[in-house]
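With the sequences and hints as input, model every part of the structure.
Just so you know, the sequences run in chain order A and B.
Under our numbering, residues 1484 to 1743 are what the first sequence spells out, in order.
Under our numbering, residues 18 to 272 are what the second sequence spells out, in order.
Since the hints were derived computationally from the structure, they do not count as laboratory data.
There could be a bad hint or two in this list.
[Unchecked claim] What follows is a set of in silico ranges between Cβ atoms, one per label pair, in the way DEER data are often shown: (1) B/Lys57 / A/Ile1729: 40 to 46 Å; (2) B/Ile242 / A/Arg1489: 53 to 59 Å; (3) B/Leu236 / A/Arg1489: 58 to 64 Å; (4) B/Leu106 / A/Phe1488: 47 to 53 Å; (5) B/Ile265 / A/Tyr1724: 52 to 58 Å; (6) A/Pro1667 / B/Ser142: 25 to 31 Å.
[Unchecked claim] Covered by chain A, per the in silico footprint, the following chain B stretches (three or more residues, Cβ under 8 Å): (7) 37–50; (8) 180–188; (9) 193–206.
Just so you know, even glycine gets a beta-carbon here, dropped at the ideal spot from N, CA and C.
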Amino acid sequence: MIRFFRMGYYSWLELQGHIRLDLLLISKLINPLFTLLFFVYFVQYAYPDAAIEFLILGNALLMSASVITFNIASIFSHERQAGTLSLIIASPVSRLLLFSSKSIGFLLDALLVPIISIGCSLLFFESLHFLAILMSATLIFSGIIAAFCLGVLLSVSILLISENMIVTNTSWVILVAFSGVHIPPNSMPELMEILRHFLPMAHAIDGLRSIYSISSISWTEALLLMGHELLLAVIFVVSGYYLLAILERRAKVTAKLDLE
Amino acid sequence: MIYLKIMQAHLRFTLRRSMMIFILFIQPVLFVGLSYYIYKDSSLTDIGSKIFIAGALTNFWACIVFSSISDVERERWMGTLELIFASPLGFKHTQIAKTIACLLLGLIPAVIAYLLILLIGLELSFAAGLKSLIAAVVLIAFMFSLSLCLSCFFAISRNSRVVMNAFEYPFFVLSGFVFPISMLPQGLYFLAVANPLTYPVALFRQAVIGEKFYLSWDLLLLVSITLTSFFFILALWLFKKIENYVRISCSFSLV
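The structure is reproduced here in structure tokens:
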């Protein structure tokens, strides 16, 4: 167990090698907070009466997606760049265990971002209702889990191509656009509205919108939305696992262990 | 002539980087699309011009930060930064040529945003034609001067990659690239007023969409030109200082 968390810590450290306190503040507090503020004011500029609580919570969830798409999705491609991917593929350890340990640090990181952002934004909330906060927190958590599992699938998919920057940046912008935080689903084109149901966070954001913008929703409806997110999470992880197995087999057949 | 050769090499090299392909060609499309769907059902007027300003400025700034500034970091990692300093042309002239090339690249997203807005069928009603042109020239000149100063800072910084990311969204918020700074709460508003980038951006916004600012257009123009000159002189001084610092400390690329 200690080894599991140690590997997670080293993996986090490898990508977040800026452990000086001032730099940590920039990357974990200032940058996410300003990204959140940017999107909140972006929407408020167009819709001054938009529910601020929904915008803050929705954007905080998207900040987690940013940590996931830019870090978890890059785990394997970073191993390839460092020349250690071959060693990982050749090792007999369970792939699921390996990936879980390598990404645990980023999952905690992704959970921390909305907590910090929401904490800093509490001043904007007009009134705090415990049940609404509890329901929002569970919706946000299910959205993060689904986004995390998409990160797993992306991480494996990136091995098919040599460049990861375009994939990670494009994925994040698509997640932002399709999430429904900034563009209400009824203003989206029909195809976009259909496609968003296959992306993580969309259902969690619909739930948040119902709580703060439209009307309150029942726990049954909220649990159904969470169920959607968790179902997507399972589909993403299983797809990622099988895609990795296919790539491994291909790598062994072509004698190219780093899967390039 | 040597400037042209450096610019040509820099353009070629930059266009091979996937990050720059994203910033130059994909990001403007995504940003204009996102802005259009956010604005289209709102009560905002002249949304074509507002989308153009947002799309052009955010991507122009990203291009400056990720091309001009990160270029110094890349040279360091490739081990060529010392060679640039030791060359007869020197760091200053090489960096000036590269920054001009970056500014040219930064115009690509603006052109893409302009074409997309026309393609969507939105109107671009520039409030004052000549003023818009003057404001655009001043804004580009300001970005050039600021970029030179920042490249000096990043030449001696060991943490450019992390700090570079803090130059994106905080500046989008505090400079009024997408929304006016008057929307910000008091604390952030003071930061925005203290931010020199706010003035040339406000000059551009006032010229293009006629947005009010706490200074008149003439005063904004004066402040923007003064700031541009100040940063250009500061950059020239910094180049000299860094040249001395690098030679004396002898710890230039020891990352």
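These are the hints, each one checked on the structure:
Range check, B/Lys57 to A/Ile1729: about 42 Å between beta-carbon atoms, so the 40 to 46 Å window is met. The given range of 53 to 59 Å is respected by B/Ile242 and A/Arg1489, whose C-beta atoms sit roughly 57 Å from each other. At about 59 Å, the CB distance of B/Leu236 to A/Arg1489 agrees with the hint of 58 to 64 Å. Separation of B/Leu106 from A/Phe1488 is about 52 Å and conforms to the stated range, judged on CB atoms against 47 to 53 Å.
Our hint of 52 to 58 Å for B/Ile265 and A/Tyr1724 holds, since their Cβ atoms are close to 56 Å apart. At about 27 Å, the CB distance of A/Pro1667 to B/Ser142 agrees with the hint of 25 to 31 Å. For the segment 37–50 of chain B, the stated coverage by chain A holds: 7 residues have a C-beta nearer than 8 Å to a C-beta of that chain, and at least 3 were required. Coverage of a stretch by a chain is defined here by at least three residues with a beta carbon nearer than 8 Å to that chain's beta carbons; for the segment 180–188 of chain B and chain A the count is 6, and the condition holds.
Here's how the segment 193–206 of chain B fares: 6 of its residues keep a CB closer than 8 Å to some CB of chain A, so the rule of at least three is met and the hint holds.
Of the numbered hints stated above, none is contradicted by the structure.
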